[in-house]
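*Asks:* Please take these sequences and the hints and turn them into a complete structure.
Count along the sequence shown from 1, then add 14; that gives the number in my numbering.
Please note that a few of the clues may not be correct.
Computed cross-link-like contacts, DSSO-like style, restricted to lysine-lysine with a CA-CA straight-line distance of at most 27 Å [what the hints assert, rightly or not]: (1) Lys116 <-> Lys317; (2) Lys169 <-> Lys317; (3) Lys116 <-> Lys37.
Since the hints were derived computationally from the structure, they do not count as laboratory data.
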Amino acid sequence: MAVYTHLGAEVLADLIGQYDVGKLVSAKGIAEGVSNSNWLIETTGADGTGARFILTMYERRIDVRELPFFLGLLDHLAAKNCPVPATIHDRAGNAYRELDGKSVALIEFLPGVSIDEPTPQQAYAVGQALAQIHTASEDFSATRANDLRPADWGKLFEQCGDDAIAAINPDLLAAIQSHLPTLIDDWPEHLPKGTIHADLFPDNVLMLNDTVSGLIDFYFACSDIAAYDLAVTHAAWCFSDDGTQFHSDISKGLIGGYLSSRSLTPAEQEALPILAKGAAMRFIATRTFDWIDTPDTALVARKDPMAFVRRLNHYDALGQNAFHIPDQTANG
15 MAVYTHLGAE VLADLIGQYD VGKLVSAKGI AEGVSNSNWL IETTGADGTG
65 ARFILTMYER RIDVRELPFF LGLLDHLAAK NCPVPATIHD RAGNAYRELD
115 GKSVALIEFL PGVSIDEPTP QQAYAVGQAL AQIHTASEDF SATRANDLRP
165 ADWGKLFEQC GDDAIAAINP DLLAAIQSHL PTLIDDWPEH LPKGTIHADL
215 FPDNVLMLND TVSGLIDFYF ACSDIAAYDL AVTHAAWCFS DDGTQFHSDI
265 SKGLIGGYLS SRSLTPAEQE ALPILAKGAA MRFIATRTFD WIDTPDTALV
315 ARKDPMAFVR RLNHYDALGQ NAFHIPDQTA NG
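*Replies:* And the structure:
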């Protein structure tokens with residue numbers, strides 16, 4: 015989440031007036047993430063008792079033609095009692111609208127806080143919730159190709175250029191050149207696929223104590239390898255923010271929670287190390303590109319790609335030992 019576009023009070027009030035949610039009370043920009051502009055919206059509520067929503071304007075790396083997939087997935091999962099925010103449709107039944115040439119959507123606000131330092135119990139709940147959306151989306155008919163697969167990482171690096179990458183950190187360029195070719199050549203295309211979140215970082219999970227109250231920001235969701243989604247979540251949750259420390263207790267909690275709701279095939283288990291290295295490379299790619307491409311005027315903090323180089327190195331060294339899969343549940 016971030017704020018690239020600034021909207022005046024009158025524009026926002028008119029926009030909110032197209033929904034049956036009461037009158038606009040306040041709008042606060044959310045300065046997190048790198049892809050879209052977001053606001054926390056407060057209204058008087060349809061019944062006058064007050065309500066809160068998230069307003070998103072789609073700015074970067076999102077094809078608006080794919081919004082029916084993203085927003086339809088939210089509604090599908092919400093209808094199956096997954097902890098995700100439903101889309102608020104306007105009075106004409108539209109899930110999104112156009113404003114100044116950009117698409118905007120109003121999303122249900124869910125209570126809870128994002129956890130910076132999760133406990134094993136919280137990681138267990140996150141693993142369960144991830145498996146829940148994998149299972150609940152099995153009958154979701156829409157599909158979307160993942161546009162951030164191994165070949166796409168390479169294209170992003172090519173757009174950045176070696177000199178610009180090395181200027182961030184020489185070790186960054188060395189890691190890319192060392193690992194990317196193998197990831198592209200050996201990527202396990204044969205694994206079970208489904209609808210995945212693909213970006214389940216701690217700031218995309220809301221918690222109330224040890225319970226997941228919301229999974230949010232589905233705008234990288236796509237149709238791809240289910241176990242890759244687990245690997246992405248593992249890379250996002252099981253390390254210190256800078257990637258220097260691996261938290262084995264969080265890994266055990268996350269994997270245990272996932273396996274409590276969805277089993278992994280032997281092939282999925284075997285592929286976890288390369289999937290995790292790929293997850294690290296995916297975020298090295300987008301963080302590197304965003305570091306170079308994000309304008310200085312944007313209300314957003316750049317994220318260091320080296321944090322995921324360090325994760326990649328951990329996975330390369332630990333292999334299967336990073337995942338703590340219990341023998342008794344390994345085959346479901």
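*Asks:* Going back to the hint list, which numbers does this structure go against?
*Replies:* none
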